[in-house]
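Those sequence lines, one after another, are chains A and B.
This note's numbering applies: residue 1 is where the first sequence begins, and numbers increase by one.
This note's numbering applies: residue 1 is where the second sequence begins, and numbers increase by one.
Hints in this document: simulated from the structure, not taken from any laboratory.
Since the structure is predicted, the reported quantities are computational estimates derived from the model, not experimental observations.
Heads up, the beta-carbon is just placed ideally off N, CA and C, and yes, glycines get one too.
Check the hints yourself; a few may be wrong.
Residues from chain A shown here face chain B by an in silico Cβ test under 10 angstroms; the list is partial [claimed, not checked]:
| no. | residue |
| --- | --- |
| 1 | Tyr9 |
| 2 | Pro40 |
| 3 | Ile67 |
| 4 | Leu103 |
| 5 | Glu181 |
If you want the ones that stay clear, here's a sample from chain A, every Cβ over 12 angstroms from chain B, calculated [said to hold, decoys possible]:
| no. | residue |
| --- | --- |
| 6 | Thr44 |
| 7 | Ser61 |
| 8 | Gly63 |
| 9 | Ala191 |
| 10 | Lys199 |
| 11 | Ala238 |
Below, in silico cross-link-like pairs of lysine to aspartate or glutamate (EDC-like), each with a Cα-Cα straight-line distance of 16 angstroms or less [stated by the list, open to error]:
| no. | chain 1 | residue 1 | chain 2 | residue 2 |
| --- | --- | --- | --- | --- |
| 12 | A | Lys230 | A | Glu271 |
| 13 | B | Lys199 | B | Asp145 |
| 14 | B | Lys261 | A | Asp37 |
| 15 | A | Lys199 | A | Glu243 |
| 16 | B | Lys261 | B | Glu271 |
| 17 | A | Lys230 | A | Glu185 |
| 18 | A | Lys261 | B | Asp43 |
| 19 | A | Lys199 | A | Glu185 |
| 20 | B | Lys261 | A | Asp43 |
| 21 | B | Lys199 | B | Asp148 |
| 22 | A | Lys261 | B | Asp37 |
There are 2 protein chains.
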Amino acid sequence: MSMTRPVFYVSDGTGITAETIGHSLLTQFTDHRFVTDRIPFVDTPERAREIAGRIRDIGLSHGTRPIVINSCVDPELSALVAESGALMLDIFAPFIEPLERELGTMRQSRVGQAHGMADFETYHRRINAMNFALTHDDGIAVNYDEADVVLVAVSRAGKTPTCVYLALHYGIAAANYPLTEEDLEHDRLPARLRNCRQKLFGLTIDPVRLQQIRQERRPNSRYAQLETCKREVAAAEALFRAERIPVLSTTNTSIEEIASKVLTTLGIHREMY
Amino acid sequence: MSMTRPVFYVSDGTGITAETIGHSLLTQFTDHRFVTDRIPFVDTPERAREIAGRIRDIGLSHGTRPIVINSCVDPELSALVAESGALMLDIFAPFIEPLERELGTMRQSRVGQAHGMADFETYHRRINAMNFALTHDDGIAVNYDEADVVLVAVSRAGKTPTCVYLALHYGIAAANYPLTEEDLEHDRLPARLRNCRQKLFGLTIDPVRLQQIRQERRPNSRYAQLETCKREVAAAEALFRAERIPVLSTTNTSIEEIASKVLTTLGIHREMY
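Same shape as in the complex, but just chain A (with noise of 0.2 angstroms):
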């Protein structure tokens, strides 16, 4: 095992970029010990030559070379960051020759596009699916109409956070609805979602791992027991064997790893925020 290392993830903007690929490159040296730090909003000289420092007193201190995986769009701020003596990782370099190549134009330096503002509509369409997923929670009183997508499970699944998560980062107007213990007695879809088969997404969950969850929710609930945890997965599962509902285990998957999959899986095309 070799010593810690530090590694900052230096920006002009939020320093979401750097961290996102840094944290990438990271997990492939497993062997090692990283600790990390973001350092955004790296857009003036005397930042710059500050950060420097820093970052220098910060090696010195654990006595080995650190890490700066720098995002900064300004080469002038990237030379003056570069005079800490770290091992500078520019994570826009190498791409920007080729890009500009190919495109046949020179690329136009703006500092922290990516994470900033986007204009008022873009903004608004966000926040709006958001509080759509928010108000859309439950289950209750929903109009299905409207949502791009329907998140289908027993309670606990994991439909809140990626209903949050799509919203969030994909704009998708995602509601849910909570499989009832009534809805689970019959292998038939509920009739509030029989109009709305092509937006409908199951997810089932490992039942062990879900009673852990209910436990920690409702300590000793009927609700919590493993007996009953077992009896709904299984009758979800059922159900949507018998609708043809696609679906998806969520025991060991990132809430990144279902939004992801929803999308594909549903044939729904958005970029990013």
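Let chain A serve as the given structure and place chain B on it in line with the hints.
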């Protein structure tokens, strides 16, 4: 104006990393138009061949060479995708060799780890933070002791999306406090907030924008009148000044930027999910 260029985010996982950096790159070429498509879960040679064929066809029908932003870790899969004839931008390749040299080890190729499932503990923390944000959204009966962050603002200034974002991406227990008319009659913090000063962050907004947002929510209400918006925003800003609460205007700020500034200002360090 040039023709529209097809761009594909190809990944063995969700494609989120590829889309994030790809989007950042494309925003630097503002005089071009792109049509983008995310192709996730390209994790077998069969699927890679199928995708290469699809990309080649789309290039032919557009009459222009497609661009692939590729995050497949397995070089064999990348090589198969490259047979599409697209310009291949492999987002990890340029950084692996310098990292290997710096760390003195070879990377362990792992497919689609970045946005995959973390351990149950981590997942649980994330879901709990999300539940916290959703159940502490109205400021009623909230115990702010458990919160990491408390956003304070008038209604519709951006508290809820920011709380949800902080929970979803940083596992932050983010509560919010909606300033009521009664609160705004005083230049002092509401009693319930006085014990958690160091967690408070104020949001403000241009009254004209606020009026637009409220108008859409409750058309022609007193709540949505410009006069009301102006008075509330002025009172909230006076309160933040008097109590020295850090404040940010959300008018031209994305959710990501707000979240990033909140964390930086309050000195909270968390890795992104």
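Checked hints:
no. : hint                : result
1   : Tyr9                : 9 angstroms, holds
2   : Pro40               : 5 angstroms, holds
3   : Ile67               : 7 angstroms, holds
4   : Leu103              : 6 angstroms, holds
5   : Glu181              : 22 angstroms, violated
6   : Thr44               : 15 angstroms, holds
7   : Ser61               : 16 angstroms, holds
8   : Gly63               : 15 angstroms, holds
9   : Ala191              : 28 angstroms, holds
10  : Lys199              : 20 angstroms, holds
11  : Ala238              : 26 angstroms, holds
12  : A/Lys230 - A/Glu271 : 38 angstroms, violated
13  : B/Lys199 - B/Asp145 : 10 angstroms, holds
14  : B/Lys261 - A/Asp37  : 14 angstroms, holds
15  : A/Lys199 - A/Glu243 : 13 angstroms, holds
16  : B/Lys261 - B/Glu271 : 15 angstroms, holds
17  : A/Lys230 - A/Glu185 : 14 angstroms, holds
18  : A/Lys261 - B/Asp43  : 14 angstroms, holds
19  : A/Lys199 - A/Glu185 : 23 angstroms, violated
20  : B/Lys261 - A/Asp43  : 14 angstroms, holds
21  : B/Lys199 - B/Asp148 : 6 angstroms, holds
22  : A/Lys261 - B/Asp37  : 14 angstroms, holds
This entry does not satisfy hints 5, 12 and 19, going by the numbered hints stated previously.
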